[in-house]
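Using the hints, position chain C against chain S.
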Amino acid sequence: MKRRDFIIGTASIAAISIPSVYFYLNHDDTYDPLIAEPQSLSLIWDTDAIIAIGVAYLRQFPDENSEQILVDKLVNNILGNQKAGKLNNQVRKDFETGNTVLIDGWMLSKTEARQCALLTTKLKKQHAY
Amino acid sequence: MHIDARDLPNHSTIEGDICIVGAGAAGISIALDWSKTGKKVILLEGGGFKYESQLQDLYKGESTGQQYYPLHGTRLHYFGGTTGHWSGFCSPFDDIDFTKRDWVPDSGWPISKEDLDPFYIKAQKALQLGPFEYDLSYWQKEIENLNAFPLDKKVVWNKMWQFNRARFGNLYKEEIVNSNTIHLYTYANVVNILANENVSQVKSLEVKNHAGKTHTVKAKQFILASGAIQNARMLLTSNSQVKQGLGNDNDVVGRYFMEHLEISTSELWLLKPFPTDLYKYNGKPRAELAITTEAQLENKILNGTLSLNPLSYSKHLTPRMEILQGDDYKERFENYKKDLVEAGEKAKLENSGSIERAFELDVRIEQAPNPNSRITLSAEKDALGVPRISLHWDLTDLDKNSIRKINQLVGIEAGKANLGRMKLKDFLRDENDNSWPADTNAGWHHMGTTRMNNDPKKGVVNENCQVHGINNLHVAGSGCFTTSGAANPTLTLVALSLRLSDYLKEKII
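Quick note, the sequences are listed as chains S and C, same order. For the first sequence, this note's numbering assigns the number 1163 to the initial residue and increments by one for each residue that follows. For the second sequence, this note's numbering assigns the number 194 to the initial residue and increments by one for each residue that follows.
These are calculated hints, taken from the structure and not from any lab test. Keep in mind that a hint or two might mislead.
As the list claims (entries may be wrong) - With a straight-line Cα cutoff of 27 Å, these simulated DSS-like cross-link-like pairs (lysine-lysine) come out: (1) Lys1255/S to Lys493/C; (2) Lys1245/S to Lys465/C; (3) Lys609/C to Lys1248/S; (4) Lys1255/S to Lys598/C; (5) Lys598/C to Lys1272/S; (6) Lys306/C to Lys318/C; (7) Lys346/C to Lys1255/S; (8) Lys1255/S to Lys609/C; (9) Lys396/C to Lys233/C; (10) Lys1272/S to Lys346/C; (11) Lys618/C to Lys1255/S; (12) Lys347/C to Lys1272/S; (13) Lys1255/S to Lys465/C; (14) Lys1235/S to Lys609/C; (15) Lys593/C to Lys1272/S; (16) Lys523/C to Lys253/C; (17) Lys1272/S to Lys465/C; (18) Lys493/C to Lys1272/S; (19) Lys347/C to Lys1255/S; (20) Lys1245/S to Lys609/C; (21) Lys618/C to Lys1272/S; (22) Lys609/C to Lys1272/S; (23) Lys1248/S to Lys465/C.
Claimed, not checked - One side of the interface only, derived from the structure: several residues of chain S facing chain C at Cβ under 8 Å: (24) Ser1202; (25) Leu1205; (26) Thr1262; (27) Trp1268; (28) Leu1270.
Every residue, glycine too, gets a C-beta built ideally from N, C-alpha and C.
Next comes chain S alone, as it looks inside the complex (with noise of 0.2 Å):
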């Protein structure tokens, strides 16, 4: 879904692929920047979209927008390497749990609308966007 059809909320799924998070973020992350691309997401959105969930979600929880924290709170009770790839499963956990949020009308799992946050994060930082 596109940036300006996801606003409107109507469009059919166009071709849909998040392009490369790599091509945005830099090269000296202290964590693995897979970690801000929320993997099923991005079967349904593009980047901008995921952009507009993030700034969204960043309004409805102000207290989060920080990259520091969102890595924090994301990877923090995650063991081992590949934490990246363990997120999909916390993913699951959260609906299973109710651990999700509402944002812009979107059922989400906490942990994929953080991912959203932090891409969105990352981006202002480095002036992407």
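Coordinates of chain C only, in the frame set by chain S:
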């Protein structure tokens, strides 16, 4: 046999063993069920064999409360009744619909689904549907590609539907007109029901037409089968002997008017294409996503389903509550059909791919029984001198909360299964918002105005559809529904009518 009541000498007396008022799905089903009994069946129809504005005008009324459709636009006043424009959606009620639910005020029928099952089988035939089979597993063997979404079966199940736009007027006219035992009188509008002195038995009916003729109808048993609104109206207007109307000692007649709320509530976006025809509306049996009894109980919600429609199409549709307003019946339907065609054309242009991945979810849900949602008599009278009706359609917080919760449950399950993500419409997002959008849609399913309850203080008819206190007066149809269930009413109202028919056969034959 067919008799035009306009051609009879004025003040004729018509007599038979059983008199059925109304030749729609309920009335015709009962009449045909009696055709081989050797008894004389009087079938009264207010209209003729086709749509006539003058007759349709008799159904006009006013409405207050939640916006509703023009009352004369949701029903048809000629032989075949409202089957003349119905969509043919059929599915039986669920077990839970008949039970007493603590969180649903005034719920609980005096009969169970089991009591109705044998008559569902007969109703299925009357409506010329397929076998009385509503299990997904049965249809998966019959039809290819009915793949179900991998959702938790403890929460969501697939409620199957069958479809046939059975136009009773076309299907059964010949059989009825050629019958020796069924005497069909057209242009015979009941304007008054006259009871004996202590109002324990109906003596006769007074019928009128626009030709200025008035006739009397006598029978051993009477059945009102003119739809939930008109049945209540006939009881209320028959107030020459009892001020509040017949069967209305406890002020229940006309109350508990229920509809099915059919509203676009959310969008479901699938993460990957999911090849299936299970949720497609293509005339073949299909499923809607329904909420299990356990989940309804746990969440204290009403029974409802979500149907899937391709978003590429649905998003172009004008809300029905908007497009089906206006006075002219034909114009309304022309506009409606045009809107459907245009939406289809726009969807084609968008080319959403061979497998749809985005759907609009439409809720279909029972309305909680509510005594304030009701039919009363208006001060205005129709051309035959009968008071018109006034509808006050009143929805409750339970209705709204249930719609929200059903969507949330499916949204969560879609997430758990990693099937997709759901987006709620604006009016469902705020948990504290109990308001209703102006275009809140209803299915034109009128139910509950003569509800069934064995306690005369809580119902108009008993478990045999007999009006409390009047031993030869019965009501057939969805007005008798105690609760309205999630499924469209026609299959159930025909089943209930055939149950009444069976009961009366035992009583008379």
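Status of the hints after comparison with the structure:
1. Lys1255/S to Lys493/C: holds (25 Å)
2. Lys1245/S to Lys465/C: holds (24 Å)
3. Lys609/C to Lys1248/S: Holds, at roughly 15 Å.
4. Lys1255/S to Lys598/C: holds (20 Å)
5. Lys598/C to Lys1272/S: holds (19 Å)
6. Lys306/C to Lys318/C: holds (18 Å)
7. Lys346/C to Lys1255/S: Holds. Lys346/C to Lys1255/S sits at ~18 Å (cutoff 27 Å).
8. Lys1255/S to Lys609/C: holds (7 Å)
9. Lys396/C to Lys233/C: holds (17 Å)
10. Lys1272/S to Lys346/C: Distance ~24 Å between Lys1272/S and Lys346/C Cα, so the pair holds.
11. Lys618/C to Lys1255/S: Holds, at about 25 Å.
12. Lys347/C to Lys1272/S: holds (24 Å)
13. Lys1255/S to Lys465/C: holds (20 Å)
14. Lys1235/S to Lys609/C: Judged against 27 Å, a Cα distance of about 21 Å means the pair holds.
15. Lys593/C to Lys1272/S: Measuring from Cα to Cα gives roughly 25 Å; hence the hint holds.
16. Lys523/C to Lys253/C: Holds, at about 15 Å.
17. Lys1272/S to Lys465/C: Answer holds: Lys1272/S to Lys465/C is near 21 Å, not above 27 Å.
18. Lys493/C to Lys1272/S: holds (26 Å)
19. Lys347/C to Lys1255/S: holds (17 Å)
20. Lys1245/S to Lys609/C: holds (20 Å)
21. Lys618/C to Lys1272/S: holds (20 Å)
22. Lys609/C to Lys1272/S: holds (13 Å)
23. Lys1248/S to Lys465/C: holds (20 Å)
24. Ser1202: Holds, about 5 Å.
25. Leu1205: Holds - the Cβ of Leu1205/S comes within 8 Å of chain C, reaching about 4 Å at its closest.
26. Thr1262: At 7 Å from the nearest chain C Cβ, Thr1262/S passes the 8 Å test, so the hint holds.
27. Trp1268: Hint on Trp1268/S: holds, closest Cβ of chain C at ~5 Å, below 8 Å.
28. Leu1270: Hint holds; Leu1270/S Cβ to chain C Cβ min 7 Å, cut 8 Å.
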